[in-house]
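Engineer: Here is how the chains run, residue by residue.
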Amino acid sequence: MQYQWDFGFLVQYKGLVGIGALYTVGFTIATALSGLAVGCLVALLRLSQWRAATWVVTAFIEVFRCTPVLVQLVWCYYALPMLTGLELTPATAAFLTLTLYGASFYGEIIRGGIISVDLGQWDAGRALGMRRSQLMRRVVLPQAFRRMVPPLVNQTVLQLKNTSLLSVLAVPDLLYQGQLITSASYRPLETYTMIAVIYFAILFPLTRLAHRLEARPGH
Amino acid sequence: MSNTRMIELIGVQKSFGTLQVLKDISLTVDKGAVVALIGPSGSGKSTLLRSINLLTVPNSGYIRVGDHAMDFSSTQTLPRDRELAAFRARTGMVFQGFNLFPHMTVEQNVMEGAVTVLRTPKAEARELALSLLGKVGLADKAAMRPDSLSGGQKQRVAIARALAMKPEVMLFDEATSALDPELVGEVLAVIRSLAADGMTMLLVTHEMAFARDVADRVVFMRDGCVVEEGEARQVIEQPAHPATQAFLSHFHNGLS
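Chains A and B are the protein sequences, given in the same order. Each position in the first sequence, counted from 1, maps to that position plus 1 in the working numbering. Each position in the second sequence, counted from 1, maps to that position plus 1368 in the working numbering.
Simulated from the structure, these hints should not be mistaken for lab results. Quick caveat: nothing in here was measured; it's all calculated off a predicted structure. Virtual Cβ for every residue (Gly too), placed ideally from N, Cα, C. There's no promise every hint is true.
Listed next, with one range per pair, are the computed distances between beta-carbon atoms [claimed, not checked]:
id, chain 1, residue 1, chain 2, residue 2, range
1, A, LEU87, B, ALA1491, 50 to 60 Å
2, B, ALA1491, A, THR68, 54 to 64 Å
3, B, ARG1448, A, ALA38, 35 to 45 Å
4, A, ILE199, B, VAL1425, 50 to 60 Å
5, A, ARG138, B, GLY1553, 34 to 44 Å
6, A, THR55, B, ARG1487, 27 to 37 Å
7, B, GLY1502, A, PHE201, 52 to 62 Å
8, A, ARG138, B, PRO1549, 36 to 46 Å
9, A, ARG52, B, ASP1565, 31 to 41 Å
10, A, LEU45, B, THR1386, 42 to 52 Å
11, B, THR1386, A, THR55, 18 to 28 Å
12, B, GLN1388, A, GLU215, 38 to 48 Å
13, B, VAL1425, A, ILE116, 19 to 29 Å
14, A, ILE116, B, PRO1549, 26 to 36 Å
Facing chain B, a subset of chain A residues (Cβ under 10 Å, in silico) [claimed, not checked]:
id, residue
15, PRO91
16, SER117
17, ARG127
18, GLY130
19, PRO143
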């Protein structure tokens, strides 16, 4: 192959790449946090005795788990405003979609962690006279949390990768900036290679962390 | 209300689906008395024990422990979380599987109820925990994690944890059934010392010799009913009912 590799030209685009990385990491952190918050709510409602809530939350989880996140993004940005009359900025639509998408998966991880705690632990807490909230806070969640952490980190890795879909809404994430640079420089090979390497550099330590946490099982 | 009766059950019934596990059980336990519940597995004795602190909420009947009573015959609504918790805080329960909190030290396990439920100041709760651990012979294990203890030690910690709530009644659900034979004695010794202190206790047990020697009364259950009840030595050594006789015939080797 005669191709002349030249990464040097990319230096002039470091500003664009920096903004892209900021958007990618920023959206990941923001939607991981909001997704975890909504996910906690989802898990608790699904575990509650309240039938209607359980049904609604289960339907929510299945809708978001069984449709592609790209379809959700496009639907939220283009279709939802037609239903509600509310215009969403690309960033808002992206935040909303990734939050709910993340919440449906985080919620199931959290629920799984909670129900994995031995029923004898619930008995012991109840027998001491603990109320439901005390039992959760003092007995169940500390034990469940240790088991939740590795899958939560894994899900967050996926969440970061999913932010690359934001480029279809023209949110200036890493991939979108790569597309800009490519159309200006006509050098997709170096540009997209660099984009892939940046993703890798961010995610590799995270997957190592998840791996290490998995290797050290809790009680 | 009679002050000499610490536990009073009237017409307690419980079904799981179509299976009726408790059929109209009535039972009283005097203050300071030790009552052993015996019977074949599936007879409902554990369910009965769990009904007394409402870990299993009965479908109907009346339950009183000390001054606190719950009546399930009139109301259809379940008691609220707060009421259940307040009711349970007055009884101590010890489980077959220990159920110690694995993420806490031995001392923290014993302090937990006092600190979280009774709002006892930490320093005071720690002092109480250490004295109770001393009582069950485990003061030197305070800083250890439960998973580094033997079964007998775990169960003694579980007893200390229940005692830290200063309960009016102690319930033991097959407390020695999960233990290796050589570890049973140390747990029974602790239960015996509680009996000597005048603690009101109800025990589900398969230790017939222990039931005979430590309990004041023995209640024999089968198929969700109380079949026979009486003075411990008499029920164990001269059971009147054929079902009791048949059940006890399996144990006679161990009763010498």
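Engineer: Does the nearest C-beta of chain B fall within a distance shorter than 10 Å of the C-beta of SER117/A?
Structural biologist: At 13 Å from the nearest chain B Cβ, SER117/A fails the 10 Å test, so the hint is violated.
Engineer: Tell me if the beta carbons of ILE116/A and PRO1549/B are separated by a distance inside 26 to 36 Å.
Structural biologist: holds (34 Å)
Engineer: Against chain B, is ARG127/A within 10 Å by beta-carbon distance?
Structural biologist: holds (6 Å)
Engineer: Range first: 34 to 44 Å. Now tell me if the beta carbons of ARG138/A and GLY1553/B are that far apart.
Structural biologist: holds (38 Å)
Engineer: Quick check on the hint: PRO91/A CB to chain B CB, less than 10 Å?
Structural biologist: violated (44 Å)
Engineer: Look at the Cβ atoms of THR55/A and ARG1487/B and judge whether their distance stays inside 27 to 37 Å.
Structural biologist: holds (33 Å)
Engineer: Under 10 Å, Cβ to Cβ, is where GLY130/A needs to be relative to chain B, so tell me if that hint holds or is violated.
Structural biologist: The hint holds - GLY130/A has a Cβ within 10 Å of chain B, the shortest such distance being about 3 Å.
Engineer: Evaluate the given range 38 to 48 Å for the C-beta pair formed by GLN1388/B and GLU215/A.
Structural biologist: Taking Cβ atoms as reference, GLN1388/B and GLU215/A lie about 46 Å apart, which means the hint holds.
Engineer: If I claimed the Cβ atoms of GLY1502/B and PHE201/A lie 52 to 62 Å apart, would that claim hold in this structure?
Structural biologist: 58 Å Cβ-Cβ, so the 52 to 62 Å window holds.
Engineer: Just tell me: holds or violated, for the beta carbon distance of ARG1448/B and ALA38/A against 35 to 45 Å?
Structural biologist: The hint (35 to 45 Å, Cβ to Cβ) is violated, given that ARG1448/B and ALA38/A are roughly 27 Å apart.
Engineer: Grab the minimum C-beta distance from PRO143/A to chain B and call the hint holds if it beats 10 Å, violated otherwise.
Structural biologist: Constraint on PRO143/A satisfied, holds at 5 Å.
Engineer: So the hint says 19 to 29 Å: do the beta-carbon atoms of VAL1425/B and ILE116/A match that?
Structural biologist: holds (21 Å)
Consistency note: the structure conflicts with the earlier hints numbered 3, 9, 10, 15, 16.
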